[in-house]
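Keeping the supplied structure of chain A fixed, place chains B, C and D upon it in accordance with the hints.
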Amino acid sequence: MILMTQSMLFSLCAVILLAIGLIGFLLTSDFLRKLLALNVIGMAIFMVLIAAANNDPNAVDPLPHAMVLTGIVVAAAGTALGLNLASKIVKFARSIQGENTAIENKKSNATQDSSSGQTD
Amino acid sequence: MKTSSLVSQRTMAVVIISLVSAIAALLLIAFIQQPVHDNALREVVFANLDKTGVSNPVTAVLLNYRAFDTYLEFAVFLCVAVAVLPYVLDVQLPKQKLSAESQVLAIAKIFVPLSILMAGYLLWIGSTQPGGAFQAASLLAGCLVLLSLANVRTIDFSTARSRFLLSGGLLAFIVVNIVVFSQTFCFITLPQNIAGSLILFIEFFATFAVSASLFLCFESIHKGHL
Amino acid sequence: MAIDLWIDVILCLSVLFVASSIFLVKNTFSAIVLFICLGLVVMFCWIRLNAIDVAIAEAAIGSGLTGAMLIAAWRKLAFNESGDQPDEQKEKSE
Amino acid sequence: MHSSFYAISIALLLTLPLIAAILCFVVNSIKVKRYLSVLFAIVLVFICVAQASYVFENDEPLQLVVGEWLPPLGIKLVLDGFSSVMLLMTSIIGLAITFYSTHYFESDDKESRFWPLWWFLITALFGVFVSSDIFNTYIMLELLGLASVSLIAIQGTQKALQASYQYLLVGLLGSLFYLLGVAIIYRTYGVLDNELIAQLAQNNLSTKLALAFITLGMMMKCALFPLHFWLPEAHSNASAPVSAILSALVIKAAFFILFKFWFEILTPVVTVFAVSLIGCLGAAAIIYGSYRAFTAPRLKLLVAYSTVAQIGYLFVAFPLMIVTPEITRTAVIYFIVAHGCAKAAMFLSAGTIQKAVGHDNLADLKGIAVHLPLSIFIFAVTSTSLIGLPPSGGFIAKWLMLNNAVQAGQWWWVVTLFIGGLLASAYLFRVLNLAFTTPEQESLLDVNYSEKKLLGAAGLAIITIIIGLNAIWLTSMIASNA
Numbered sequence: 000m001i002l003m004t005q006s007m008l009f010s011l012c013a014v015i016l017l018a019i020g021l022i023g024f025l026l027t028s029d030f031l032r033k034l035l036a037l038n039v040i041g042m043a044i045f046m047v048l049i050a051a052a053n054n055d056p057n058a059v060d061p062l063p064h065a066m067v068l069t070g071i072v073v074a075a076a077g078t079a080l081g082l083n084l085a086s087k088i089v090k091f092a093r094s095i096q097g098e099n100t101a102i103e104n105k106k107s108n109a110t111q112d113s114s115s116g117q118t119d
Numbered sequence: 000m001k002t003s004s005l006v007s008q009r010t011m012a013v014v015i016i017s018l019v020s021a022i023a024a025l026l027l028i029a030f031i032q033q034p035v036h037d038n039a040l041r042e043v044v045f046a047n048l049d050k051t052g053v054s055n056p057v058t059a060v061l062l063n064y065r066a067f068d069t070y071l072e073f074a075v076f077l078c079v080a081v082a083v084l085p086y087v088l089d090v091q092l093p094k095q096k097l098s099a100e101s102q103v104l105a106i107a108k109i110f111v112p113l114s115i116l117m118a119g120y121l122l123w124i125g126s127t128q129p130g131g132a133f134q135a136a137s138l139l140a141g142c143l144v145l146l147s148l149a150n151v152r153t154i155d156f157s158t159a160r161s162r163f164l165l166s167g168g169l170l171a172f173i174v175v176n177i178v179v180f181s182q183t184f185c186f187i188t189l190p191q192n193i194a195g196s197l198i199l200f201i202e203f204f205a206t207f208a209v210s211a212s213l214f215l216c217f218e219s220i221h222k223g224h225l
Numbered sequence: 000m001a002i003d004l005w006i007d008v009i010l011c012l013s014v015l016f017v018a019s020s021i022f023l024v025k026n027t028f029s030a031i032v033l034f035i036c037l038g039l040v041v042m043f044c045w046i047r048l049n050a051i052d053v054a055i056a057e058a059a060i061g062s063g064l065t066g067a068m069l070i071a072a073w074r075k076l077a078f079n080e081s082g083d084q085p086d087e088q089k090e091k092s093e
Numbered sequence: 000m001h002s003s004f005y006a007i008s009i010a011l012l013l014t015l016p017l018i019a020a021i022l023c024f025v026v027n028s029i030k031v032k033r034y035l036s037v038l039f040a041i042v043l044v045f046i047c048v049a050q051a052s053y054v055f056e057n058d059e060p061l062q063l064v065v066g067e068w069l070p071p072l073g074i075k076l077v078l079d080g081f082s083s084v085m086l087l088m089t090s091i092i093g094l095a096i097t098f099y100s101t102h103y104f105e106s107d108d109k110e111s112r113f114w115p116l117w118w119f120l121i122t123a124l125f126g127v128f129v130s131s132d133i134f135n136t137y138i139m140l141e142l143l144g145l146a147s148v149s150l151i152a153i154q155g156t157q158k159a160l161q162a163s164y165q166y167l168l169v170g171l172l173g174s175l176f177y178l179l180g181v182a183i184i185y186r187t188y189g190v191l192d193n194e195l196i197a198q199l200a201q202n203n204l205s206t207k208l209a210l211a212f213i214t215l216g217m218m219m220k221c222a223l224f225p226l227h228f229w230l231p232e233a234h235s236n237a238s239a240p241v242s243a244i245l246s247a248l249v250i251k252a253a254f255f256i257l258f259k260f261w262f263e264i265l266t267p268v269v270t271v272f273a274v275s276l277i278g279c280l281g282a283a284a285i286i287y288g289s290y291r292a293f294t295a296p297r298l299k300l301l302v303a304y305s306t307v308a309q310i311g312y313l314f315v316a317f318p319l320m321i322v323t324p325e326i327t328r329t330a331v332i333y334f335i336v337a338h339g340c341a342k343a344a345m346f347l348s349a350g351t352i353q354k355a356v357g358h359d360n361l362a363d364l365k366g367i368a369v370h371l372p373l374s375i376f377i378f379a380v381t382s383t384s385l386i387g388l389p390p391s392g393g394f395i396a397k398w399l400m401l402n403n404a405v406q407a408g409q410w411w412w413v414v415t416l417f418i419g420g421l422l423a424s425a426y427l428f429r430v431l432n433l434a435f436t437t438p439e440q441e442s443l444l445d446v447n448y449s450e451k452k453l454l455g456a457a458g459l460a461i462i463t464i465i466i467g468l469n470a471i472w473l474t475s476m477i478a479s480n481a
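Protein chains in written order, with numbering that gives the first Met the number 0: chain A, 0 to 119; chain B, 0 to 225; chain C, 0 to 93; chain D, 0 to 481.
The shape of chain A in the complex, shown without the other chains (with noise of 0.2 Å):
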């Protein structure tokens, strides 16, 4: 077995990570989960980067620390704006499909004289 260091350990784990969150951005259709995955992304490399600052334990180097910082309140930034595109964009689905069920109901109401009048 080559020589495990912690930092190669966490590096394998890192990679391997990468390899989980691109997959599943590539695969998944709910617009959710794709927000999920581009964080996991981030997540993993990431952890390259601290992994290599870890490399020799009791000499770390403290500039991927603060590369790291920037990136996680940058990917917190992204995801929020993301968030809230997506519920906008559901709000205007919701409210497209709300016309599409009343004129559907008015339709229904014309043609059938009894007033059944389902409601959605």
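By construction, these hints were calculated from the structure, which means they are not laboratory data. As the structure is a computational prediction, the values presented were derived from the model and not from experiment. Idealized CB from N, CA, C, for every residue including glycine. Heads up, some of the hints might be wrong.
Said to hold, decoys possible - Pairs of lysine to aspartate or glutamate residues, derived as EDC-like cross-links and limited to a Cα-Cα distance of at most 20 Å, are as follows: (1) B:K50 with D:E67; (2) D:K158 with D:D359; (3) D:K158 with A:D29; (4) D:K109 with B:D89; (5) D:K354 with D:E105; (6) D:K354 with D:D108; (7) A:K90 with A:D29; (8) D:K207 with D:E194; (9) B:K222 with B:D155; (10) D:K30 with D:D79; (11) A:K90 with B:D89; (12) D:K259 with D:E194; (13) B:K222 with B:D89; (14) D:K158 with A:E98; (15) D:K365 with D:E439; (16) D:K354 with D:E67; (17) C:K25 with A:D29; (18) D:K259 with D:E59.
As the list claims (entries may be wrong) - Footprint (simulated), chain C over chain B, 3 or more residues, beta carbon under 8 Å: (19) 123-131; (20) 134-145.
Same frame as chain A, but now just chains B, C and D:
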């Protein structure tokens, strides 16, 4: 048609999985072959640490060596806050009365004072121990979210004052740049003797600005788009 | 093998398990909950890798606030999705 | 040590737009926001002109070390020939679009959201062209992506929101791939500054993978052929000033980074096979983009697909960079400037046509030239630049590229450039002859739309002609310190 689309979806999935795992394997081989760099930068960071006015290396990198990154970091956060603000303003928040006995409020009564105390401690300790503006801001944002879930109106985002609060972090940084520029004619050079207090000044405003922006992001999803 | 290497191995396996189950699990709400757990497990990895500042930020922003936003968004999105709507559960419970 | 006045002007370049953004965000009244924005835009143009002339005379890049910490530790901002030309173009196009958008928006609410986000976008553009640190460029890219997504989302229609959400996903994934490249480079070399990496770079697997990931990420951001699916929706559904700046500059920023990584930072890794692969992708983009533009039902969709095609030209230049780096570099920069000005003016005129007539589907735009003469004039002038007809800047760029390809003996690029020119003329003349044919039934287009707001766009169209006529001035500026 149904089965063929299922089959093509299945083959597409297999293709994607094999492609991604091939890339991952390549990356792994590269990591195993290539040793990590010789960490020369760490010595340079620790050598100049006394000139930065803080003893926590991460805060020194964030707010002195690479202060330009954090300067733009505040810009990114303000940009998202600006983009998200209209979604909150579109909805007229109903004037809820404070329902005294709701559980969330009971939890909030216990945790909010504690986290505010913790946030203050994290902000203050940031210069020597792990901690700092972003961590303190996220704790404050947590309190604001808890209060908002307990139907307590904390920040009214329609006023110009709240917009000023949101852009406080970036404004503090620009003010510091201008003040520092007038003395040393260089961009974001924090003079050694007052570097510590300048960093604390920036972190103080940044904490409130970032926590307000994080809270705004939550509020826009939670209350907006009705 | 040193005991702490075993701790790291267990941490890595749990990270990979939680991450893969985010995409394998059926309904979206449990995917979000799993994502918050992933955030917390990764926080432990940061602590193991001597990155304390990052651990605090990951726990607070990475899984805490992002998780709160995801759940708030899920409550808003769930009412029209065909799959796992809360009103379905309501019908079952009635 | 005191850095010279010009070095400090780079700091001004990044602080002024942020101050403008905060002011536009905090101030309530629309009038103040408009005057502030036009004022800041004019000041920025003067700063960029001063910098470009300094770099041109002294023939050495302008450098500003941020915070007195030298590069392995701190960040350095560098302004060489390429970036000073890009900054000049950004500020001039920014001024034209700022002037245009002071009259464009019908609702004050949309306009008050537009201005702060606009200034964040300008800051990100300036930052990308100036930064010489790979992680700093990542943050600029992120700000660029988030600002442009929010600008598209202002439009509020369902199609605009869906387009902006798709653009956000692709943008975030592209930035994450770029960040993965940065992580690999940092893991291998432990340094973040461009020049230091260029010195340390060797030809090993890690560097190859880093360049591959960065290329993949930037291909997503600048919509090269296989990964271009988000662009037509995003650009055709955004409001006119936003789609103008997106097509003219935001895509070029991603190309700028890609160009720097391939030919300035990780040069030992670049192989002939990789470069010709990118060249083929560029050629495919030209053919596919032109085809889709020819069949596009709507005017703005046509202009968006023409962007996909024109981006292909920039990537066709990659294989030529191996053979004749100097001339091709000048040709690429010339093409970016020509395409940027032409595309911005074209989108602004398309926006005016859409506002005046209420829709932009090409079928019933017959005889529009009678009602909107200035818009069609701008459309025609910019089409000459996109096709590459003699008086325009586009012609000089294509001519430089052509004789490079001939000298290099790679005749297949010559063929693609010609086919590209023919296809471009096909879909652009389709619009022009529609505009000039008199409609059968006299459709009463009640066009009472004052076109004075198109002066900015007319200025840009004239610029494309000016840089076509006296090419010597611009080529010498670009080649001043390649």
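Taking the earlier hints as the rules, which of them does this structure contradict? Of the numbered hints, 10 and 16 do not hold.
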